[in-house]
Each structure stands twice: as C-alpha cells, then as structure tokens.
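2 protein chains.
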Amino acid sequence: MTAIPTEMRAALEREQRSVEGILRRLVRAERGTPTRLRRAMEHSLFAPGKRLRPILLLWCYDAVGRDGRRRARLSRSGALQVAGAVEMLHTYSLIHDDLPAMDDDVLRRGRPTCHVAFDEATAILAGDGLQALAFAVLGRLEPVPAGLLDLVATAVGPGGMVGGQQEDLDAEQQPVTAARVLSIHRKKTAALIAASLTAGALLGGASEQLRGKIHEAGIEVGLAFQGADDLLDVTASSDQLGKSAGKDAAAEKATWLRVDGFERAQSRTERYGRRGQQRLADALGGGASATRLLALIGMLWRRNR
Amino acid sequence: MTAIPTEMRAALEREQRSVEGILRRLVRAERGTPTRLRRAMEHSLFAPGKRLRPILLLWCYDAVGRDGRRRARLSRSGALQVAGAVEMLHTYSLIHDDLPAMDDDVLRRGRPTCHVAFDEATAILAGDGLQALAFAVLGRLEPVPAGLLDLVATAVGPGGMVGGQQEDLDAEQQPVTAARVLSIHRKKTAALIAASLTAGALLGGASEQLRGKIHEAGIEVGLAFQGADDLLDVTASSDQLGKSAGKDAAAEKATWLRVDGFERAQSRTERYGRRGQQRLADALGGGASATRLLALIGMLWRRNR
Numbered sequence: 590m591t592a593i594p595t596e597m598r599a600a601l602e603r604e605q606r607s608v609e610g611i612l613r614r615l616v617r618a619e620r621g622t623p624t625r626l627r628r629a630m631e632h633s634l635f636a637p638g639k640r641l642r643p644i645l646l647l648w649c650y651d652a653v654g655r656d657g658r659r660r661a662r663l664s665r666s667g668a669l670q671v672a673g674a675v676e677m678l679h680t681y682s683l684i685h686d687d688l689p690a691m692d693d694d695v696l697r698r699g700r701p702t703c704h705v706a707f708d709e710a711t712a713i714l715a716g717d718g719l720q721a722l723a724f725a726v727l728g729r730l731e732p733v734p735a736g737l738l739d740l741v742a743t744a745v746g747p748g749g750m751v752g753g754q755q756e757d758l759d760a761e762q763q764p765v766t767a768a769r770v771l772s773i774h775r776k777k778t779a780a781l782i783a784a785s786l787t788a789g790a791l792l793g794g795a796s797e798q799l800r801g802k803i804h805e806a807g808i809e810v811g812l813a814f815q816g817a818d819d820l821l822d823v824t825a826s827s828d829q830l831g832k833s834a835g836k837d838a839a840a841e842k843a844t845w846l847r848v849d850g851f852e853r854a855q856s857r858t859e860r861y862g863r864r865g866q867q868r869l870a871d872a873l874g875g876g877a878s879a880t881r882l883l884a885l886i887g888m889l890w891r892r893n894r
Numbered sequence: 590m591t592a593i594p595t596e597m598r599a600a601l602e603r604e605q606r607s608v609e610g611i612l613r614r615l616v617r618a619e620r621g622t623p624t625r626l627r628r629a630m631e632h633s634l635f636a637p638g639k640r641l642r643p644i645l646l647l648w649c650y651d652a653v654g655r656d657g658r659r660r661a662r663l664s665r666s667g668a669l670q671v672a673g674a675v676e677m678l679h680t681y682s683l684i685h686d687d688l689p690a691m692d693d694d695v696l697r698r699g700r701p702t703c704h705v706a707f708d709e710a711t712a713i714l715a716g717d718g719l720q721a722l723a724f725a726v727l728g729r730l731e732p733v734p735a736g737l738l739d740l741v742a743t744a745v746g747p748g749g750m751v752g753g754q755q756e757d758l759d760a761e762q763q764p765v766t767a768a769r770v771l772s773i774h775r776k777k778t779a780a781l782i783a784a785s786l787t788a789g790a791l792l793g794g795a796s797e798q799l800r801g802k803i804h805e806a807g808i809e810v811g812l813a814f815q816g817a818d819d820l821l822d823v824t825a826s827s828d829q830l831g832k833s834a835g836k837d838a839a840a841e842k843a844t845w846l847r848v849d850g851f852e853r854a855q856s857r858t859e860r861y862g863r864r865g866q867q868r869l870a871d872a873l874g875g876g877a878s879a880t881r882l883l884a885l886i887g888m889l890w891r892r893n894r
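Residue numbers (the numbering used here), protein chains in the order written: chain A, 590 to 894; chain B, 590 to 894.
Please keep in mind that the hints were generated in silico from the structure rather than gathered at the bench. Just so we're clear, the structure is a prediction, and the values are computed from it rather than from any experiment. It is possible that part of the hints are untrue.
Stated by the list, open to error - Derived SDA-like pairs: lysine to any residue, alpha-carbon spacing no greater than 20 angstroms straight-line:
1) B/Lys836 - B/Arg625
2) A/Lys842 - B/Arg625
3) B/Lys842 - A/Arg625
4) B/Lys842 - A/Asp708
5) B/Lys842 - A/Glu709
6) A/Lys842 - B/Glu709
7) A/Lys842 - B/Asp708
8) A/Lys802 - A/Val705
Let's have the full structure, built from the sequences with the hints guiding it.
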C-alpha cells in the first residue's frame, strides 16, 4: 500500500510481526509434523503477506472491546491465536488455488508457489495441514468461545470460500453476469474477510446484534477488497502484486471488469468500500481503535498491491 | 467382512444407515454450496463405505455412557453428528490421497475416484469442503463439548493424518524400516481411528484418565486395521476391496509386508489387534455395548475388505 501515513504503517508492521510471531510458534509447536511438510507450510505462511484478515480481526477486537469497554470473551493473546488461525486458512486457500489443476500459478507473495518450490503432493498436504491446524488452534483455546468455530468453519466451507472457488472455476464455462461475479466474490473473498471482523467482534464481547451488523459491513468491505484486486490485475505489475498480473483477463476470469468495463468496475468497488466503511463506523460508534480500523479499511480499495 | 454373525451384520447395517442419513442431511443443509461441488462431495461420501470410524465412535459412546451409566456430555443424536463429521474427514482424506499427484488411483469404494468422475480441481475442492464442513458440524453442536475439537483436529492435522500421508510419500525415496512404517501407519490411519473411539468416550462422559486408556488402545486397534489393509493388498481382489489391489507392492509402499514378509506381518497385525482389544476391554469393563464394540474390533484384523 502506498501513501500510508507513517503512524499507520508502523502500526500495521507491528501487528504483522505479532501475527508472524504467533504463526511461527503455532507451526513449530505441532508435534510430529514431518520436516518436509513443515517447511512447505512455512514457505507459504512466511512469504511476505499483508496479514490483512488477522489484522482486521485484531483491530475489530480492539474497537469492540477497548473502545466499547465491553467484557472480552478472550484475552488479546487468545485473539492473536485466532488471528493466526484465520491467516492459516487464507494461506491454505492460496496454496490450493495456485495448484496446476486450479489457477496454475507459479508466483505468490513474491515467492514461487508451494507446488513449484516443493511438489504438487506436498502442496496439497501443506494446504490440508494448515486447514486442520487452524481448527486445532481454535480447539485449544480455553475456553473455545461459543459460536467461533461455526462462524469460521462456515466462512471457509462449501457455502463459503471453497464454494466460491468452485463457482470461479465453473464460471469459465458459463456466461459472466454481474450476479455471478457477486456470488463468487462474496463466497470466495468476502466471506472470510467478514468472518475475520465478526470473529474479532465476538471475541471482544459484541452482542449477537452488533456482530450481525459488523458481518454485513464486512461482506461489503470484502467485495471492495476483491474489486480492487480485479482492478489491480490490469493496472499493477507482477512485481508490485507479488503474484502474476494480467492473469484474470488471460484466463477470462469472472470479474466485474469483464461485466462492467474498468470505470464502472472502479466506481462499483468504491461504492462497496464506502458503504462497508460507513456501516462499520455506524456499528462501532467511535474510539481510537475504531478510527484506526476504519482508516485501514479506507485503504483497501485504493491499494496498489 | 465375511462370516459376520447375523445379529452383528444387522447392527452394523442399521448404524451405517443412520450415519448415511445424517451425512445426507448435513451436506444438503449447507446453504450456498454450488451444485457441482455438492455432487462431488456426495459422490465420494455415499459410495458404499464400511463407516467404520463413525461406528467405532457411536459404539464407544454407548459402551461408556449406557453400560457405564455415566452422564453423557452430548445426546446420542449429537454423537451421531460428530460421527458424521469424522466420516467426512476420512472421506476427504480418501479423495485427496487418490489424486493424480498423490497415489493416483481410479477406483475407490467400488466407484471411480472423485477426480475421475468429476475433475481434479473439483476433487481438491470437494476434499477441502468436506474438511471445513466437518468442523462446521462440530461448531454447531450445542454445546461444543470441551476437548472435542482439539482431539479431532489434532488427529487429522500435520502431526496426524496429513503428516502420515506426507511420510508415506516421502518414504518412496527412503529405505523402509519397521520404525518408519510404524510412524506412517500410526499417523495416517491409527490417529483418526483412536480419535474416533476417544471422541465417543468423551461424548459418553468418560473421565480424562479413561479417555487416555481408550486412546492408547485405539492406536493399537488402528495399527491392526492398517496391518490388515496391507495384507489385503496382496490377498484380495480389487473387486473385494472396492479399490485397486496390488498397488502397495507395485508402488513399493512402506508396509510391514515389505519389512517383515507376509507371515511376520500377519502375526504383527494380530498382535496389535489382540492387544488393542484387550486394553479396550480392560478400560471399558463389561456391558452389552462394550461386548458389541469389542466383537467389531475383533473382526477388524480378520476382514477380507
């Protein structure tokens, strides 16, 4: 992200380091993991990522708990573990999406993809292992907050992230409509982004009603994030993105760009972003942590990587 | 399984039907699942399987709860949902293990494998979706019994089932020793079988100490089950097995057969089986449900499919 105020950049980097720290500990602590499998998981997990989902989770936790003076359901170090689990789930989805049978990509987060650096079988297993480990991490929380597992597992399940990837692949044989793109983006990207914010809210002590509002806002935030991703595919270089640019167009992917053209896709993305940000602001009320979270979200559809 | 007493066969079939019933409901209930993904999950899930792991879970639940007159942590219909989740995890592992990049198999449970009936990408996603759905099912229990998620997720994680599959693949480049085969079989097969029994015990109200004993017995039961699998690869036909026979030898898989030869592998399998059965009998004490569970376990290393 460019033109990020120094203070925000420092806060993001601090949070990225704490997420990477917990990820390292969680992977290392898993007894009996074969060396090659651990190295493959670490290869993808510790490639330079934005750590967006875990940071959204943590900052929403802060906004709900600290700003709102609610009684948290889990300590912040517990929330950091959940944030790590969410990043594992996101990383597993990248590893599998990049496989030859899927999007067949060789570059991700500025590194060779997992199946290129290792081999296909190991990449499939590294993804499988990260998914299982993410849920094991949730299962070791004491206590496991009610509703957390359902929230996260549903977001990445057949009606969420995995279903979105299936629709994305199926769309290659079908006419691309705005409704289809919306369904794909909602499931494949927005579901986990919304679940990350909502999980933060849940852990921070939000009521069910507040969680519902945050989830709705999170879906729009996620759609704006994915909209920006579609735009970047044509405006940015592979070097900037850390993944192959221009692939959507080449693969005739279902994107708003294809349905709407660049300018209308851009205004659609901005519309989702502004609406999501506004809804989240309304739900959270005020406070320093909420302000910081909203500023981050404002950057998501204006990013350059 | 042959030469099964009529009463046992009827009990197994009844339980298989209830497991298949809950699986059907759970998959159908998942809102937003794309049709092709759901059909791929169902293809593998409803191929004729033994449903061994869910039945071990349910019968251990009965033995601990009913026979032992303990206070259950979950109703039997709740335990049936957990049993369904365990079968989903097992099925996902079969789908991924059969992929071209893994064991590259075309036949499973008497049907074309998932990637043959659909395509590779869909098979990867069907496996991913079943894993996520299994955890979502656990997450929707009310309440989610403490320790259940950790138990199940650890069993299928990088130090368990997924790690075992990695070691199995890695073994193709390494000398096969008895210690290596033990490690592979323990992680790849015995971990989930032991976790199924232990989950049943946990839900049935077993103390931590009793669960520990059942888990240890379950590892030996799982080793005997896998030992029988290795033997069947050379003695049974593909038709009997519902999967390709003779593949271990052809692929030079790490099995006890390769380390020990047939007869010693056979007596090793029987030794694990008898010891596991005895330990489980000691842990459970007596009762009709325990007797039935132990009889089933006695059949596991004498099976012909």
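Status of the hints after comparison with the structure:
no.	hint	result
1	B/Lys836 - B/Arg625	violated (30 angstroms)
2	A/Lys842 - B/Arg625	holds (18 angstroms)
3	B/Lys842 - A/Arg625	holds (18 angstroms)
4	B/Lys842 - A/Asp708	holds (19 angstroms)
5	B/Lys842 - A/Glu709	holds (19 angstroms)
6	A/Lys842 - B/Glu709	holds (19 angstroms)
7	A/Lys842 - B/Asp708	holds (19 angstroms)
8	A/Lys802 - A/Val705	violated (41 angstroms)
Violation of the numbered hints given earlier is confined to hints 1 and 8; the remaining hints are satisfied by the structure.
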